[in-house]
Structures are given as structure tokens and as C-alpha cells.
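Participant: So you can see what is in the structure, the chains are spelled out below.
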Amino acid sequence: MLQFLIEKEFKQIVRNSFVPKMIVGMPLLMMLVLPWAANQSIKGLKLSVVDKDHSTFSEQLIYKITSSGYFQLTDVSPTHTLAMKSIESGDADIILEIQDDFEKNLIREGLAHTMISANSVNGIKGGLGSSYLSSILIDYAEELRETYGQSAGGVPAGSIPQFNIIPQYKFNPHLDYKVFMIPAIMVMLLTIITGFLPALNIVSEKEIGTIEQMNVTPVKKLMFVLAKLIPYWIIGFIVLSICMGIAALVYGIFPVGNLFTIYFFASIYILVVSGFGLLISNYSNTMQQATFVMFFFIMVFILMSGLLTPVASMPDWAQKIALFNPLKYLMQVMRMVYMKGSAFGEMTPQFFALCAFAIGLNVWAVVSYRKSS
Amino acid sequence: MENKVIYTENLTKKFGDFTAVDHISFSVNKSEVFGFLGANGAGKTTAMRMLCGLSHPTSGKGTVAGFDIFKQSEDVKKNIGYMSQKFSLYEDLKVWENLRLFGGIYGMKTKEIAEKTDRILHELGFEKERGTLVKSLPLGWKQKLSFSVSIFHEPKIVFLDEPTGGVDPVTRRQFWELIYDATDRGITVFVTTHYMDEAEYCDRVSIMVDGKIEALDSPKNLKNQYRTQNMYDVFYQIARKATRVEI
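So the sequence lines, in the order shown, correspond to chains R and P.
Mind the numbering: the first sequence is residues 1 to 373 in my numbering, read in order.
Mind the numbering: the second sequence is residues 1 to 247 in my numbering, read in order.
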């Protein structure tokens, strides 16, 4: 019986004027556009320089800053007040002010003053900008010390205790934002496609009236639900494979861990979201109703999944809510496998959580499906 | 009792305060064409949905094909065919695919389905439309196909809810020929209609008014009882007693 029902679902999906396009088009579009758009690393900050010294040192410093790639020199002002004007007008994001006698003080006393003022309307931009700039300054001071030795400072270098911190960025050495975003975008796509489609499929059968023709047959509830789940399970695999293909070909990002682990977790996850979609469709009579309810939940799931902001930095109550967010678990798994190469054994909590969701939601979907009123 | 494929006693369906079907009792014999008449909103569809296991009765008793409609509705479903008021085959499937799907659901084997599909398409003169998507068929053809699908698995009883609504007279005539073919094979036909010429084709007719069965007999006896020459007058005399506002 199941074979006939699944055959029907596939024929309907293939003949639908919209669904096949969406299954291929959505991953292409989202995978090609979003990793560039949803990027929190900052490049090309507009820099305004107030150079009161006009010395070799100050010029070297400015050259070093602009060649770092993070900054783009857009304005040179004689005074701080004028530089502020360019921040107000949006021509600059950050000001570097170099005092008079910058070079002289550095050589004689080993100490010179510079000032950084950053526009922090966008907090992330302001914060990151000033920390990039300070680290370039520290770097420069270090270079000077090496070049001029003790004479540069007048004070012997060894006499000041120094911490030389060498950050080591594990798993994403270049702090490439795309490596972080791409696995997460895959999860979002799986959620949207394999969650919405089955929900809308059943509600459209309700609207057209064909579901009644099914309900009057001896078809078992479990069979009916399985026939709706299995096609979307396969579609989920197709979507995931397209995404991983794009990640590899376009971005050169490959999972460090096992590919099989990803498919395994995804196979459970698709059952979770599809089951959720079926559940929503059982309680909805119209497309609008199903769409709105699904939209609401998926939005909450996505925002509370750790996609952009880590779940661990949410308030306690929000973290408790996030425990019931299946998206969070797959997001963790995908990032762990893609970036750290985690093995299955490290992800047993996620495995059990997803299994619990899959079983719970699908049992509920089968039970709440009514063949008669 | 052996011969009665449908049997109800005080079957009732309430929606809140509204009694859609009010203590109806009747029985239908094997291979009979049983006409189920009534004005719009009289409760015909609700009664039929209860018999098909699509709607839970509120009270009363009922058996269909020997199974209790309260407790064994899934067994009832194995033995009946149903053609709803609204066309409900899959429009995005082809003619043969609809037959194959429903045959498969009732547990028919692939080979059996293929053979039967050939035979039925031949009988309907649909051979050329075998691979046509159902949505591009004209209404009359759809209804004939829909009927063929509902009896494809050789049910004991087939329920037809206004099967010929909006269909032209020639196609309606052909439709009734299909119905008679089915009764010849031992299938009992339970049909609702608003066409009084079709009521004449039935072996027995019941007329529902405001959720109750007001009359039940053969068309001939009903015409004698109401002293008229046609079923239209019988229906008119009975149905105008209705007090319920059309819903």
C-alpha cells in the first residue's frame, strides 16, 4: 500500500509547477548569496587620520594601517574637530589622531600618544574597528623596538615586563566568517524546505478535498503519514547534497569530520521538522493558517538556534527555551563536524535530543491525524 | 437481516444544538439502487458520511456491510466505495494513475490493477485518455471516471453523493448505465440526487426533510400514495413541509 502512496506523492511533486524549482533554486540562492551577506567580519572601515606630526614614523604607521586591508583612508583632517565632522557626515568610521612630536617622543622617551575615536552607532563595527586599530599600533611599536633596539626607547627593552600574547584560533584559523555561517545556512534550508512542504501538502489536500477520498479508504494512519514523510526525507537529502556541493565547489569548505555523520544526523533531523510540519497541518484547515503558524515557529527556532548569537550568551530563561529548539542541536552538530571534525561519540546529547523530538512529534502527528470527524 | 447491507436504527448526528440527522431508521437490500432524496440542508450528506465512517454518529445504531459503524468503521471502509459531492480524484495524476493508486490502497495487486484498468478504460471508451491528466478532462468524463474509481475494488456498497450534479443529460444517462452495470455485479448503490428522473431509476427512494426520513418506498408506490404521475410532485409535496432554513 505504501508503495502506491509514495509513488503518488513523487508524481505530484515532480508535476508541481513550483516545488521542484524551489528544491533546487532555494539552496542555490541561499548558499551563493547569504554567506557573503551575513558576514560579521569587518573590512574596509573608513579611516580618518589627523596627523599632526608629519614625520617618517607617522607616515610609516599610516601606511601599515592602510595596507592591513581592514581600513581604507577616506579623510585626512588637520584637526580632531574637522575629523569629527567627517564621522558625522558618514565619510569616516574611525579617527586616528597622531600627536605632534610623535617621532621625537618615540625616539627620546620610547613613549608617544595616539588617540582612537570610533563611531559606535553600530557597536560591533566600532568595537572591532578600534581593537583592530590598537593591535596594529601595538604591532608597529613592537617593530620599532626591534629595529632600533634599546636606542629607540632609551629604556632597555628587557626592563619592562611584557606579555606577548599569541592568539591561536583553533578550527577556523583565518576567522573566516563563511566557515561559520555555511553549515548553519544548510540547517536553515533543511528546516524551511522539509518543514513547510509537507505541512502545505496536507493542507492543500484538505482544501482540494482529496483527503476525504483518502479518509474513506481503509488506508492506515501510519501509512498515510509515512507516505508524506518519506518523499520529503529524500528531498532533504537532495537539498543537503546540493548545499555541501556548493560549499565545496564555491567556497572550498569541506567537512573536517565524517560526511556520513552529517547525513546520519540530518536524516533524524528531517524527520523532526517534517513531523512538526505534519503536526501543524493536522491542526490547520487552510493554507494561511498553516503558513502563519509554521512561519512563527521557524522564525523563533532560527533566532534561538545560535545561528547569529551563541545560545550560551542568552539569558538563562532563553537558554531553557532553546532546549526545546531542534534546530539548535543540528546547528551544533553541523558546525562541530564541519569545523572541528567531531566524531559521533562527542555528539550523543544532540543525538538523543533529536531522536526524542523525532519520535515525539511523529507519534503526535500520527495520533492527531483524524480520519473522521 | 442477511440481505440487508445497510441497516440503521435511530441514527442521529448533532452539531452542538443543531440536529443534522434526527433518529433515522432504514435498511437497504443487497444489489438495490437506493435513492436518498431531500432538499439542500436536509441532512443527506451528513447521514451518508456517518455510514461511510467519515463522521462519528452521536447516537443510534448502524451497520454497513455487516460492520458496526461505531466500532468497526475501518472495516466498513474496506467494503465500500465513496464518491463525494466535490470531485476528489487527484487532478495532477493521469487517468490510469488514479485507478492504480486507489486499487493499490485497497490492496489489489499490480497485475490485477493493470488488467482491470485496461478493461475499465475500454468499457468507458477512455482508451485514448489513459495518459491524460485528470484536470484536463471534461466534467462528465471526470464523474464517470470518479465512479469507476469508487467501484474499482469491487466494494459491497458504493455511496454516491450527487454524482451527476452539473452533468449533461446524455452523460447522465450513460452514468446511470454504469450504475446498473454495477448492480448487476451485486454492488449495492446508495445515491443522493436532486434530479427526479433519476429518482425514477431507483428501486426504492427515501425522502429526508429536516433531518428525518418522511417517506420511504418504491417510486411507484410513492406516486400512488401521493396520487400523482411523477416523482417531482411527490418530492414537492413532502419537501415543502420543511421548516429548517437552508444552511
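The hints are simulated quantities; they were obtained by calculation from the structure and are not laboratory data.
Hints are supplied without guarantee of correctness; some may be wrong.
[What the hints assert, rightly or not] A partial selection of chain P residues facing chain R, derived with a Cβ cut-off under 7 Å: (1) Cys52; (2) Ser55; (3) Arg119.
[To be verified] List time: in silico DSS-like cross-link candidates among lysine-lysine, alpha-carbon distance up to 30 Å: (4) P:Lys212 x R:Lys371; (5) P:Lys116 x R:Lys11; (6) R:Lys220 x P:Lys71; (7) P:Lys135 x R:Lys371; (8) P:Lys135 x R:Lys46; (9) R:Lys221 x P:Lys116; (10) P:Lys128 x R:Lys221; (11) P:Lys135 x R:Lys220; (12) P:Lys86 x R:Lys206; (13) P:Lys61 x R:Lys221; (14) R:Lys221 x P:Lys142; (15) R:Lys206 x P:Lys220; (16) P:Lys212 x R:Lys221; (17) R:Lys11 x P:Lys86; (18) P:Lys156 x R:Lys206; (19) R:Lys11 x P:Lys4; (20) R:Lys21 x P:Lys212; (21) P:Lys156 x R:Lys21; (22) R:Lys371 x P:Lys14; (23) R:Lys11 x P:Lys61; (24) P:Lys4 x R:Lys206; (25) P:Lys30 x R:Lys220; (26) P:Lys109 x R:Lys220; (27) P:Lys111 x R:Lys221; (28) R:Lys11 x P:Lys78; (29) P:Lys111 x R:Lys220; (30) P:Lys128 x R:Lys371; (31) R:Lys11 x P:Lys212; (32) P:Lys128 x R:Lys11; (33) P:Lys128 x R:Lys220; (34) P:Lys109 x R:Lys371; (35) P:Lys241 x R:Lys221; (36) P:Lys212 x R:Lys220; (37) R:Lys371 x P:Lys142; (38) P:Lys156 x R:Lys125; (39) R:Lys21 x P:Lys111; (40) P:Lys241 x R:Lys220.
From the three backbone atoms N, C-alpha and C, an ideal C-beta is built for every residue, glycine too.
Participant: So, against the hints stated earlier in the document, which numbers end up violated here?
Facilitator: Hints 3, 8, 10, 15, 16, 19, 20, 21, 23, 24, 30, 31, 33, 35, 36, 38, 39 and 40 contradicted; others consistent.
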